[in-house]
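J.: The chain contents come next:
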Amino acid sequence: MPAARNSALIEARDVSLARGGRVVLDHVDFRVDRGEIVTVVGPNGSGKSTLMQTLIGALTPDQGAVIRAPGLKIGYVPQSLHIDATMPMPVGRFLALPQRHSRAEQAEALAMVGLDDVARQPMTSLSGGQFQRVLLARALLMRPDILVLDEATRGLDQPGTAAFYRIVEDLRVRLGCGVLMVSHDLHVVMSASDRVVCLNGHICCHGTPEIVASAPEYRALFGVGTQGTLALYRHEHDHAHDEAGACGPDHDHTHDHTHDADGGHSGGKGIKHNSGAARDA
Amino acid sequence: MLDDFLIRAALAGLGVALAAGPLGCFIVWRRMAYFGDATAHAALLGVALALAMSISIFAGVLAVALVLAVSVSALSARGAPVDTLLGVFAHGGLAVGLVVVSLLPGARVDLMGLLLGDILAVGKVDLAVIWSGAVIVVGLLAWRWSGLLIATLNADLARASGVDARREDLILMLALALVVAVALKVVGALLISAMLIVPAATVRPFARTPEAMAVLAALCGAVATMGGIAMSYQFDTPTGPTIVATATALFVVSSVLMRRR
Chain A
1 MPAARNSALI EARDVSLARG GRVVLDHVDF RVDRGEIVTV VGPNGSGKST
51 LMQTLIGALT PDQGAVIRAP GLKIGYVPQS LHIDATMPMP VGRFLALPQR
101 HSRAEQAEAL AMVGLDDVAR QPMTSLSGGQ FQRVLLARAL LMRPDILVLD
151 EATRGLDQPG TAAFYRIVED LRVRLGCGVL MVSHDLHVVM SASDRVVCLN
201 GHICCHGTPE IVASAPEYRA LFGVGTQGTL ALYRHEHDHA HDEAGACGPD
251 HDHTHDHTHD ADGGHSGGKG IKHNSGAARD A
Chain B
1 MLDDFLIRAA LAGLGVALAA GPLGCFIVWR RMAYFGDATA HAALLGVALA
51 LAMSISIFAG VLAVALVLAV SVSALSARGA PVDTLLGVFA HGGLAVGLVV
101 VSLLPGARVD LMGLLLGDIL AVGKVDLAVI WSGAVIVVGL LAWRWSGLLI
151 ATLNADLARA SGVDARREDL ILMLALALVV AVALKVVGAL LISAMLIVPA
201 ATVRPFARTP EAMAVLAALC GAVATMGGIA MSYQFDTPTG PTIVATATAL
251 FVVSSVLMRR R
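Read top to bottom, the protein sequences are chains A and B. Per my numbering: the first sequence = residues 1 to 281. Per my numbering: the second sequence = residues 1 to 261.
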């Protein structure tokens, strides 16, 4: 947990929720503060999307409460968005849902996610990566206090995924908003997050990426298949800690880890360690 | 002017086309074609109940259409298969309606008129009802436009943007019930969903934005209505079916044109 606690942007207090007779969320406590990137990981059916839907208010918990900061603006990027072929929807019109913005604001949001000259194109003509970035641009136009990304890179290839998360990290710095994401891309989770929450109905473990990666609960869930990534990550991370001096397990350390697109799985190449000052600049 | 039955018929048809066009776009976008169908069929039960309770047919149809729409969306939210539900309600409503009518002593119901509409018999009061309904529906859609669009795209996206998708769904149901209730006399229960779907589908290839599609669909419905009335006068064919046949012809032409491109 960060030492200097801001008031939470969004918080779940002892939330339980059952759907179709099955307990999906079981006494979940959860919070996201301003300026931090929190990632929820968990196997399929562990309630990740349900938790997101509960936090944004699409679902009401059976027990417990969800508290949003007053006037909280949520920039939500859904897991998938199907636009029916019968609905004509140019990018510019989509960005104006539900509120219209000036052309300049739209162009600025598109530029932020690295897209130009797509405003007049139909949404259905975009590639998968462009489509997700338009979703992100729409979320930005909400002037969000918190970005909520629910497996926003599903269906993207690895370079596309890496590029997408680089944009997200960049936005966090520029807008100072909180970021809450659900991800299956474990190497990205390990690199880009301040805090990782491992969910399987209940919260198995949580903390800095390093804490979670070494937790037996996490290893039990994600098994042998991810060991390579984790071992790689932990090696590099421990190394950095040695340089920086002793760190308590719960310490709010400020190293910034960026995994490049091609480096996530293939040895140390492409993993950068930036010194802590860079992030807050 | 309103004393001429043809002018009354044209005005009635235009009123229905004006409301059915934009509403039909939502029906098409949400792939709810059978929803319109089911609501229209079940409307017959509304007619029967109205006769049994001696209330206005408009009120009876509106009530039954609303109950159907709300119960189907509530049941489907709990995971029941929508197409099965709609099939049950559509044909169940139609059948029970016919049974109730047969049990009413001395009630004389023009069944063909209810199924196929009787636009040439539209009176001044009917005109007032149709246009009031049409204006309310268009007003509702215009007022809630942005929320309806985002709720149509994705319920969670709507919720995160501060739009309650369930409320928008209800507004759409209300609009649908209203259109069915006012259109019953014009095109009849069997053809109402055609007036919702065919114009919207016809103009889709020519529209670049949702707004353009809604306006074009209303225009297309108006053209089909005028053309259909003219042809039914010319060839002495039943007017409701002729209007829908004209709309269908426009759809075929539009599809062929798009293929050629």
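It is possible that part of the hints are untrue.
Stated by the list, open to error - Now the in silico label distances, taken between C-beta atoms and shown as ranges:
id, chain 1, residue 1, chain 2, residue 2, range
1, B, Leu75, A, Gly64, 19 to 29 Å
2, A, Glu108, B, Val125, 49 to 59 Å
3, B, Asp110, A, Arg120, 29 to 39 Å
To be verified - Sample of chain A residues with no beta-carbon within 10 Å of chain B, all distances over it, derived:
id, residue
4, Asp84
5, Thr86
6, Glu217
Calculated directly from the structure, the hints in this document are not laboratory data. Ideal placement from N, C-alpha and C gives every residue a C-beta, glycine not left out.
J.: Would you mind marking each hint as holding or not holding in the structure?
T.: Verification of the hints:
{"no.": "1", "hint": "B/Leu75 <-> A/Gly64: 19 to 29 Å", "result": "28 Å, holds"}
{"no.": "2", "hint": "A/Glu108 <-> B/Val125: 49 to 59 Å", "result": "55 Å, holds"}
{"no.": "3", "hint": "B/Asp110 <-> A/Arg120: 29 to 39 Å", "result": "52 Å, violated"}
{"no.": "4", "hint": "Asp84", "result": "5 Å, violated"}
{"no.": "5", "hint": "Thr86", "result": "5 Å, violated"}
{"no.": "6", "hint": "Glu217", "result": "29 Å, holds"}
Going down the numbered hints, you'll see the structure goes against 3, 4, 5, while the others check out.
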